[in-house]
Amino acid sequence: MMSDQQIIKLCAKHNRKAQQELYDRYSRLLLGVCMRYASDKSEAEDILQESFIKIFFNIQDFSGSGSFIGWLRRVAVNTAITHYHKNLKYRYQVEIEEYETQETGVVSFEEDFYTSDELYIVLNDLPPGYRMVFNLYAVEGYKHKEIAEMLNIDTNTSKSQYSRAKAVMRDKLEKLGKLKISYKEENLS
Amino acid sequence: MKEKKQNITLRQLFRRKLENDEIMPDNAVRSKLMRRVARQEFLRFIPYRFNIFYLAGILIPAITVAGLVFATLHEKNTVSTSLPLSRISSKDTAKYFEVNIPEPERKPVNVPLTVQKKSEKVHPGTVPAGRQNTSASVVKKPDSLIEVQHAAVKNDLLERELFANGNVDSKKLQTSVIAVESLIKPESSTGCAPFKVRFHSNSVASDSCRWIFGDGGFSSDPDPEWIFDVEGEYKVVLQVFRHDGSTLTSAAIVNVHPKPTAHYEIMPEKPILPRDEIHFLNFSTNAVQCKWDFGDGTVSDSYEPSHTYSKYGAYDVRLVVFSDKGCSDSLVVFNAFSGSEYFIDFPNAFIPNPQGPTGGYYSPKSDEAAQVFHPSYSGVSEYQLKIFSKLGIPIFESNDVNSGWDGYHKGQLCAPGVYIWKVRGKYRNGEPFIKMGDVTLLKK
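Note that the protein sequences, when read in sequence, are chains A and B.
Just so you know, my numbering puts 30 at position 30 of the first sequence, and the rest follows in order with no gaps.
For my numbering, add 189 to where a residue sits in the second sequence, where the first one is 1.
Read the hints as simulated data drawn from the structure, not as lab findings.
Hints are not guaranteed to be accurate.
[Said to hold, decoys possible] In silico DSSO-like pairs for lysine-lysine, Cα to Cα no more than 30 Å straight-line:
no.	chain 1	residue 1	chain 2	residue 2
1	B	599	A	175
2	B	599	B	633
3	A	172	B	575
4	B	599	A	180
5	B	206	A	86
6	A	172	B	579
7	B	206	A	54
8	A	9	B	221
9	B	424	A	172
10	B	611	B	575
11	B	206	A	175
12	A	159	A	143
13	B	206	A	166
14	B	624	B	599
15	B	611	A	86
16	B	206	A	145
17	A	172	B	611
18	A	184	A	172
19	B	599	A	86
20	B	579	A	159
21	B	633	A	86
22	B	579	A	166
23	A	178	B	599
24	B	221	A	54
25	A	41	B	624
26	A	175	B	579
27	A	9	A	54
28	B	599	A	166
29	A	41	B	206
30	A	17	B	633
31	A	13	B	624
32	B	206	A	184
33	B	624	A	172
34	B	575	A	175
35	B	206	A	178
36	A	180	B	206
In isolation and in its complexed conformation, chain A is listed as follows (with noise of 0.2 Å):
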């Protein structure tokens, strides 16, 4: 088996058997990061084509220094941006104060209470320009100055987006949670 310093090596070289091995080592994880960006799957296989391009074409920068997955991912992220700023025009903005959110207690959670698939289906569900400040914050852990640079915004509105991110977050996992556990309600009796 390949080492990841072999493959980087021979994808550098367009070695179609190093290509195929990368991706089937990382395809799996990538999606992940791309799901968290897209709003379906399909949107998410189609930035992950694009991310793997990219990686295979830019594979040669990889300096060796960092960690490779580091590297990937942040291909993989900046992707997603880039994907995400090619569809802006065809999406309505929604000024942030004309979002309806209520303000919700819930301010803790159970770790294990939800699924990933379910906090997909909750990230998804977000308008697109929250749902990039929130992953680059929350999940990626890039600081509210990077992603002002990175989606071509104000710190501020950076900082901002998230915290009305968060609210509209609890709200639907609020009322996510009220579902589930009525339906468990409904299963025990």
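Using the hints provided, position chain B relative to the given structure of chain A.
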């Protein structure tokens, strides 16, 4: 026994559950990806793979070499004569036989159209803008122009043959020329271009003759038929060559009036019937009188009439024009308005009823129709309308073309301003449509 579950923040929740989550992509993605990669690699210069640049590097020299080889081979085989193999034009034969025969004018005037000879079928509708009608979609029906062309050419060829055989002693031609009146019937004639005239010579059958029509044409037929394409006054000369060597000449006058040209266009170019009033724009030339037939039983003799049809149908629109001398021309477009039956249009503003939501159903004839935002349409079979606020919030949706938007959202009258509508559906003929636009909600 209840396990103590730790409570975490939202951020932690997402991070923990999703950061390293793995999802299996569809199998098709892999193959699609590898195909794309192969394609892209081909198009870029990658030393390790056969790519387009390598291909060019092989093909271009190969083509050049092949071209050179072919060129040298070809030179050896070419014959020295430079006569083109196309049919010999009349100009060439004239030089050959030393007879000065100018090219007769055959082309009709003012008609840069491709004329369809036999079929009456025409592409309906589009009569394009501008005087130069270059599309093949309109058929002109000039009076027997086409059949005549063949006859005229034949006459030319006959004539040349005669002189080539040297049957006539040119000296004799010059010596005894007697001007004789009334050898030609008719003596004078007048008509509209293209004017077909049948000439009759009063000479004996045993004499040979030569007609000079004055527009560049000739004939040796004793009773030729000739068509004058171009307007003007022509002196037609007949020369009769008798066996005794004498020559008789006679002349007649032919007056050819110019033909008017019937030409029109409709506005709007793609009208909807019966909704639109059609304006007929007249581009005819040399016309002092016009007769229109709209194909629905109505006619007009206005210069540029307007007409509204009572219902959609296949209408043939014909225009006949007359010149001051009585010559005429006509232009007919068969099924001029096909394909204009179905449409859907929305207004750009409306004033909702301030007294409360009405539910959106409207009857087209009543006043309340103006208080509901709805389309005018014909032939719609599938329909979905969505209304959004300017900022993208969905306000209203309807799948029934008879149910419009009353201007309310959740029981409240919406604020005046601009809203966005989006409609999609299908016409009865299966043709889909998608439209969007904005509408201004006004306060009463």
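For each hint, the structure was consulted:
1. 599/B / 175/A: 21 Å, holds
2. 599/B / 633/B: 20 Å, holds
3. 172/A / 575/B: Judged against 30 Å, a Cα distance of about 25 Å means the pair holds.
4. 599/B / 180/A: It holds: about 28 Å lies between the C-alpha atoms, which stays within 30 Å.
5. 206/B / 86/A: The given pair, whose Cα atoms are some 28 Å apart, holds under the 30 Å limit.
6. 172/A / 579/B: Given pair residue 172/A, residue 579/B holds - Cα atoms ~25 Å apart, limit 30 Å.
7. 206/B / 54/A: 27 Å, holds
8. 9/A / 221/B: 23 Å, holds
9. 424/B / 172/A: Violated, because 99 Å separates the two Cα atoms, which is more than 30 Å.
10. 611/B / 575/B: Holds, at about 5 Å.
11. 206/B / 175/A: Since the Cα atoms of residue 206/B and residue 175/A sit roughly 19 Å apart, the hinted pair holds (cutoff 30 Å).
12. 159/A / 143/A: At roughly 10 Å apart (the allowed maximum being 30 Å), residue 143/A and residue 159/A satisfy the hint.
13. 206/B / 166/A: Roughly 16 Å separates the two Cα atoms, so the pair holds.
14. 624/B / 599/B: Status holds; Cα separation ~25 Å.
15. 611/B / 86/A: 22 Å, holds
16. 206/B / 145/A: 25 Å, holds
17. 172/A / 611/B: 28 Å, holds
18. 184/A / 172/A: Judged against 30 Å, a Cα distance of about 18 Å means the pair holds.
19. 599/B / 86/A: Distance of about 34 Å is beyond 30 Å: violated.
20. 579/B / 159/A: This hinted pair holds, its Cα atoms lying about 25 Å apart.
21. 633/B / 86/A: Given that 30 Å is the threshold and the Cα spacing comes to 41 Å, the pair is violated.
22. 579/B / 166/A: Between residue 579/B and residue 166/A the Cα gap is close to 25 Å, so the pair holds against 30 Å.
23. 178/A / 599/B: Distance of about 25 Å is within 30 Å: holds.
24. 221/B / 54/A: 15 Å, holds
25. 41/A / 624/B: 28 Å, holds
26. 175/A / 579/B: 28 Å, holds
27. 9/A / 54/A: Judged against 30 Å, a Cα distance of about 16 Å means the pair holds.
28. 599/B / 166/A: The given pair, whose Cα atoms are some 26 Å apart, holds under the 30 Å limit.
29. 41/A / 206/B: Holds. Residue 41/A to residue 206/B sits at ~18 Å (cutoff 30 Å).
30. 17/A / 633/B: Distance of about 71 Å is beyond 30 Å: violated.
31. 13/A / 624/B: 49 Å, violated
32. 206/B / 184/A: Holds - the C-alpha atoms of residue 184/A and residue 206/B are around 22 Å apart, at most 30 Å.
33. 624/B / 172/A: 33 Å, violated
34. 575/B / 175/A: 27 Å, holds
35. 206/B / 178/A: Measuring from Cα to Cα gives roughly 20 Å; hence the hint holds.
36. 180/A / 206/B: 18 Å, holds
Taken one by one, the earlier hints fail for this structure at numbers 9, 19, 21, 30, 31 and 33, listed in ascending order.
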